[in-house]
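Throw the hints in and build the complete structure from the sequences for me.
Protein chains in written order, with my numbering: chain A, 1 to 588; chain B, 1 to 588.
These aren't lab readings, by the way, just hints derived from the structure by calculation. By construction, the Cβ of each residue, glycine as well, lies at the ideal position given by its N, Cα and C atoms. You can take every hint at face value.
Under the rule of at most 27 Å between Cα atoms (straight-line distance), these lysine-lysine pairs were calculated in the DSS-like manner:
#1 Lys293/B with Lys300/A
#2 Lys293/B with Lys293/A
#3 Lys293/B with Lys375/A
#4 Lys366/B with Lys300/A
#5 Lys300/A with Lys300/B
#6 Lys247/B with Lys300/A
#7 Lys300/A with Lys308/B
#8 Lys308/A with Lys300/B
#9 Lys293/B with Lys308/A
#10 Lys300/B with Lys366/A
#11 Lys308/A with Lys375/A
#12 Lys334/A with Lys293/B
#13 Lys73/A with Lys168/A
#14 Lys224/B with Lys121/B
#15 Lys293/A with Lys308/B
#16 Lys300/A with Lys375/B
#17 Lys334/B with Lys293/A
#18 Lys293/A with Lys375/B
#19 Lys224/B with Lys439/B
Per label pair, the in silico range of CB-to-CB distance:
#20 Lys147/B with Glu349/A: 26 to 36 Å
#21 Asn146/A with Arg355/B: 36 to 46 Å
#22 Ala148/B with Glu349/A: 30 to 40 Å
#23 Val353/B with Asp30/A: 39 to 49 Å
#24 Glu418/A with Gly362/B: 56 to 66 Å
Covered stretches of chain A, as calculated for chain B (at least 3 residues, CB under 8 Å):
#25 233 to 247
#26 274 to 287
#27 293 to 302
#28 340 to 352
2 protein chains.
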Amino acid sequence: MKKIFFFVLALCSLYAGAQQADRFPLHQFDELIDTKPHDDATVWEQLKQTACFSWGSTDVRYRKLDVPDISRKSSLRLKGWRGERVNAQAVLWTKADLGKVRIEVSDLTNGKHRIPASAVKAGFVRYVMTDELNKDGQGGCGHRPNKADWDSSLVADMIDINLELPVKARTTQPVWMNVWIPSDSQPGIYRGKLSVSGEKLAKQSLVFEIKVSNRVLPAPADWKMYVDLWQNPYAVARYYQVPLWSKEHFDAMRPIMRMLADAGQRTITASIMHKPWAGQTQDHYDSMIFRMKQLDGTWKFDYTVFDKWVDFMMNEVGIDDLISCYTMVPWDLKFDYYDQATNRVLFVEAKPVDRAYADYWGTFLKDFARHLKAKGWFEKTAISMDERPLKDMQEAIKVVKAADPGFKIMLAGNYHAEIQSDLYYLCIPYGQVFPQEVKAERERKGQISTYYTCCTEAFPNVFTFSSPAEAAWTAIHAVAGGYDGYLRWSTMSWPLDPLRDSRFRTWAAGDTYCLYPGPRSSIRFERLVEGLQCCEKILLLREELTRRKATRALDKLNRLVGNFMPGNSTAKTAAAVVNELNDYVNSL
Amino acid sequence: MKKIFFFVLALCSLYAGAQQADRFPLHQFDELIDTKPHDDATVWEQLKQTACFSWGSTDVRYRKLDVPDISRKSSLRLKGWRGERVNAQAVLWTKADLGKVRIEVSDLTNGKHRIPASAVKAGFVRYVMTDELNKDGQGGCGHRPNKADWDSSLVADMIDINLELPVKARTTQPVWMNVWIPSDSQPGIYRGKLSVSGEKLAKQSLVFEIKVSNRVLPAPADWKMYVDLWQNPYAVARYYQVPLWSKEHFDAMRPIMRMLADAGQRTITASIMHKPWAGQTQDHYDSMIFRMKQLDGTWKFDYTVFDKWVDFMMNEVGIDDLISCYTMVPWDLKFDYYDQATNRVLFVEAKPVDRAYADYWGTFLKDFARHLKAKGWFEKTAISMDERPLKDMQEAIKVVKAADPGFKIMLAGNYHAEIQSDLYYLCIPYGQVFPQEVKAERERKGQISTYYTCCTEAFPNVFTFSSPAEAAWTAIHAVAGGYDGYLRWSTMSWPLDPLRDSRFRTWAAGDTYCLYPGPRSSIRFERLVEGLQCCEKILLLREELTRRKATRALDKLNRLVGNFMPGNSTAKTAAAVVNELNDYVNSL
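Given below as structure tokens:
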């Protein structure tokens, strides 16, 4: 009726701006350009051979535009337990354009025994843009609004799933190989071949052997290490451009989440409110639970999304140890609900000491407990928090216990003697320790005590520019420090263009993910799994050596594990101590 | 866990910023200061008497700081039908401060017959800030972002409910009086007294008489005129600072909505989507219906708010003719729903020709029809629209009919021959006419055909600066133009500070309301009711005169009514033609 009007301020849709199909590539894509100084044509032309292929080291991120510093090796000896995944890296470098190149892996043979080529994953290592630590060298926390303020460069990190890749003149193209030794393999030495060939490249092959021990590494689901690598379903929906919680969304998530399951993942990351971390990631988490404040003031809860997510993780992915529900104490104490009266998502603003807080959470938790019990999940659920002021956490714990004293509670935060006994699962930062008697008491009570790293650490970390061995080091530190496991807050909180650019508006590059869309693994993820496997091996060997009273071997093992404590290693020595430990473990 | 984070972009709450209790006064308040030139002390000191009290005219907005141009009158003769409300205005002006002043009204007596004082409402007329027509004198549409661009001044408009008011030196203070003659009064001449007295004012009284006709004006609910004055429950909730749809909200709305019922109001304004008018008013309308798009893609609807509002209007207020549901064709074609997957209110963006539009509306309308039938309201409900491109309206009508061919449809917009027959209720703009045969056909079919004014008209209008008689003129035009009634899109879409400042960010001041918080009436509203009463009287007299074959009187009546057509009156002559008609009607 009015001729003049105001436009509705449209609420941003989750997929706003995600219109171009090639904005979020899943298949072929071009890497960004590295503008750093690199070996020029003169250097490259000194190569005697047009294209070289050699075994390299898994400790090195080979530079894309430099001739690699490698003593050429055409054969490689690896060792592994049955059931273990073993990594190797080969490098192809060329002065001429090779056209499209393909990788080929043979079956591994040991007389009449065989490890089929299907147990081997080999992929091109791809280059993503990274940045650097904070200018003071102290970790990677803080805002990075202006990318130009940070020294950026391309680094080798992602392990591609594309079978073919164009390899241009004067480039280095690494190839990552991972052999998952079947648990039922016959011990012995297996020999195989890794080859590359291309449109302009005659086939070149490298041989390798794996000495398979008679020891067996249990399946990841049976690992002792408590692994907690947070999932972000919201990032997957955005990058894959599929509706949240649709069949397509679950189809996209299934292989990603199975990669975590294969790394021994125990927990399901569930968000029980809007923006539990204040929207710090590119794709914020939202509430998996629908709360309606009805006209009569009563609350109505709906668990459809939560149930679907948990069911999927438990029954399709096989991660079923704990549903970790974030959070009752977010940074910004605002709690969402759909308000029937106003037809909006509104927020209760309340501190944990407030009556409104206890009303909001208490009412919900009672209903949540009822629902979880009906689903048979109550014992597998923790109400989880991040570090907040002690008083707030204490008040939140009171509210949880008042709703149902049986609720498990989890904290990823500083060690607080005042509340530790209330925490079924307590994960403290790198560098903090559990008092010995507390740890023992927690073990007796079946409580979980782990540690985490995040942007804080310059070393050890899994930024895209971190030394590859640091990922393994990080895992092994859990055993060295006497923790039950390791937590990382991000594995797939992708920045906008994760395949090409690992930098983000906050924190050093790569902090928010180590799995790539596709899904694709990374040097960091493979080395983390290597470290986690090493932990299991150490724990098993300790038992065995203790049982066998092999004191000397046990002492040596523990001495080498002792390198994995703060102060005993640096980014520079990480590879050496990991290799030394690996070698010793594999020698036993 | 992260030390650095982003603040949640908080969604604005309905009550954001409305923290100060005195921001939205309901009782005493101070008027704004009029900075226009006005009579100075010299002029005021010429008054022989310190304080004067006289009958004035209901056609005049007396200026607050000027000595009124009045021939002093201490008695007044009024006429009215039984059941009619009769207005008068008195004026008090003073050179000295009078302290707090009170109004007193006596019973009206006619020998042993009596109209009790309780049938008389007398209140101080208060001054609000107004602006002016557009600079070209053509109506009051358009944005007015900068108040300084418009000539603003205080005008007498609101009729206060406060019993006491301080009256300062050198001010004019009008008093409005309204006598609702009881329907069962004995015809005859009743005499009463209107008095003022104050802390520094000895009582002064004015006498008046009302000649009560033996004719009876029916109760508003039985009026023939189809009155449609839109309600805005959202504005009431904000101004009264009460939660939407709470008991306090309904308590606040009850007396306001009853003022509309007493003006013959027929329709309940219901909003069936978020911002049916793109949030053009200070307090936007929201959806009274909850729509959830469930995870499985199906829709769920909840009518709790809608039902509560309609129940209230029907059963507590007595407005029960039609539930007018806006809108399927808003200016901005975005349709809200709560999305279970993303925990947000999202929008379907779709044009009426789109499949998504038919899905959204078709699914809803089928369920809505089912619900309305269950409530016994289906026959009383219209799916209502404002003027949109013809093609869009045609498509929308198709969707409505496909959902349920029995749905009534309403349009407030231009006359379109192509769709008029589909429209149970069609309200066209001032100046447009229904072709005679169409109007006759619509009457036969029981269809409603009315007209509206909005910001477009310089005359007639009910801006706060409009001549008071224009409100009556507007109503009478409905009868003159052969319409079934009158629609106004706003009666309580209050700007931020409606008691003091009637200006708004769009349109000439006062366009958005004629009822004030309190609730308080206004010169405009009382004169509109006067006009509506006059309509009823004309319709009854036409019948009677026709029946009595009193051709001469009927001709004169129709000639005087003929003044109420475009071109036959101006703002300057409106008072004269209204008075002439009133006088003649009351003489019959």
